[in-house]
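Student: Below, each chain spelled out in residue letters.
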Amino acid sequence: MAIGLHDSPFKNPVIRWIDRRLPIFTMMQKEYGTFPTPRNFNYFWNFGALAMVNLAIMIATGIVLAMHYTPHVDHAFDSVERIMRDVNYGWLIRYMHMNGASMFFIVVYVHIWRGMYYGSYKEPRELLWILGVVIFILMMATAFMGYVLPWGQMSFWGATVITNLFSAIPFVGDSIVTWLWGGFSVDNPTLARFFSLHYLLPFVIVGVVFLHVAALHITGSNNPLGIEPKGPQDTLPFHPYYTIKDSVGLVVYAIVFAALVFFAPNFLGHPDNYIPANPLVTPAHIVPEWYFLAFYAILRAVPDKLGGVVLMFGAIAVLFVLPWLDRSPVRSMRFRPIAKWAFLLWTVNFVVLTYAGSQPAEGVWVTVARIATAYYFAYFLVILPLLARLERPLPLPESISSAVLRGGGPLPAGAAAKPMEKA
Amino acid sequence: MADTAPSHGTTAEPEGTRRDFLKLTTTAFAAVGGGALAWPFIHQMNPAQDVLALASTDVDLAPIAEGQAITVMWRGKPVFVRHRTAAEIEAARAVPLSELKDPQRDEQRVQRPQWLVMIGVCTHLGCVPLGQKPTDNKGNYNGWFCPCHGSHYDTSGRIRLGPAPSNLPIPPYEFRSDTQIRIG
Ligand code: HEM
Ligand code: FES
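Order-wise, the sequence lines are chains A and B. When we follow the numbering used here, the leftmost residue of the first sequence carries the number 1, and every step to the right adds one. When we follow the numbering used here, the leftmost residue of the second sequence carries the number 1001, and every step to the right adds one.
None of these hints come from the bench; they were simulated from the model. Where a beta carbon is used, it is the ideal one built from N, C-alpha and C, also for glycine. Warning: the hint list may mix true and false statements.
Each pair of labels, with its calculated beta carbon distance range [what the hints assert, rightly or not]: (1) Leu1024(B) <-> Lys11(A): 19 to 25 Å; (2) Gly1076(B) <-> Ser185(A): 56 to 62 Å; (3) Leu1052(B) <-> Leu280(A): 33 to 39 Å.
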């Protein structure tokens, strides 16, 4: 780019003055105004925007909670109860934060599922996908540490169990756990550092989300057909078409969120977390939050400490290399008659794992968890690599517009044509 | 409502009033919703219920000898409770109202003349004036003196000299018995 004032297209003198020196308005216009977006999005493409809104909600409610919360083992539980009873609207803000975490995982799971079904992880979007997996891992770390903060029984014992995972590492495991704890058990130093990190990580997530979106705006979005737009007839300007579509999704999201917060705020939580932490008594049945259950089931499926931990982390790590495990050039499962069913089965399998993780690790549930774990990995490591060679995909449409505008061909003249020329 | 709209076919960019109406109502609805959602986030910073519940303080007057004063905490602020001497009361009552920056008779500032109860926060910018201890600088009017920017208060706690605009305020209080008051 040449040095010198930017040649701003804006007329408003104030906006223009700023834009010539710092072209943020031009940038917003380009990335969110005229940004050429495939014209055939379905509602699965709402979930990225929803995740962004959800992140903002978590930060807004979290900053409020931090104004009233005390990160000390003697005061943490009481300070959260005080938020619930005494702080003006504290109950609302805490329930928004608590259920906001659940909504966040629902949204992000759908978002990831969308990427897997429509092949969004494939060339040229591998890095975009990898950044997404990084966000997912950061979210899990954030949610885990947040859940420790109210210092209830589940907080304490969840923290104990999860940090002890690291003791499975040969030789240095125990030193690592002591280092994580800052002592010889989960205690005040652990709580204080978890609070500090729980405050920090969401802002790290904001940074990675920025990179994720920057990468997206280089490659452009994928779409339900999984074929690249070939020209203006295949795209629409982001605004107003997708700002409106995202708004519709946002309203539905808000309804679900509000229903949870106002009518079933503790439905997804565990009652034992309303008992203050007691380092001398473990609850009979300890379970993580619902969004971790599938991975928890994988951990428990393996009758070996190190093996279980490796598989559990492996279940997430395998997502990083998904773009290289699935070499099929066809992105969308719509055109992959076998992979489609293998993936839908994988989806059901993930739900089964989640359910198995919620059950006591005994009897039939151990067997179910083992079979489901095997399929989880088989899908990535065996089925996808094989199908890339063996499967015969259905014929792809010639272009997005020919597929979605029956009869194909160029756009009908009229209202929509004008903004599209800009794109 | 929208039947006067120009037909949509005539221009490339339709400007029907029906659409304007929908846009306006939708935006207004979203603005009201956003405002309603903002309120809890603002109100949470106001005093919480437990803070409000702690808003009264009982003071035992029996140990305070004539000529002495104590300072108690009420809502996180110092409250001066002074057992005034007859001379101090007389000095306060002898001042003509015309000499006062914030005219108020001493009788309006006390429930019982010997007990002066007031919030010990300078009405200028919030420092705690000197004058509670016998050794303190009591200022030109033998009451209180704020060292921050030099405000002088008299034996009724009224502002006499310096930048403070008004008298030291009187908190709500009541006598529970001859030797007990409840502030707040
Ligand atoms: C990625 C975004 C975030 C996620 C997924 C998340 C998740 C959680 C979870 C699951 C809890 C436990 C809720 C409970 O059972 O009470 C929690 C608590 C808490 N979080 Fe967050 N959080 C996020 C962002 C933040 C931010 C940005 C802050 C502060 C600036 C924050 C401050 C707190 C505080 C003070 C608590 C303890 C109070 C409570 O338990 O309600 N959180 N968080
Ligand atoms: S604060 Fe007392 S004189 Fe300024």
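Student: If a hint holds in the structure, say so; if it doesn't, say that too.
Tutor: Cross-check of the supplied hints:
1. Leu1024(B) <-> Lys11(A): 19 to 25 Å: holds, 24 Å
2. Gly1076(B) <-> Ser185(A): 56 to 62 Å: Hint violated: Cβ distance 37 Å, outside 56 to 62 Å.
3. Leu1052(B) <-> Leu280(A): 33 to 39 Å: holds, 37 Å
Checked against the numbered hints above, the structure violates only hint 2.
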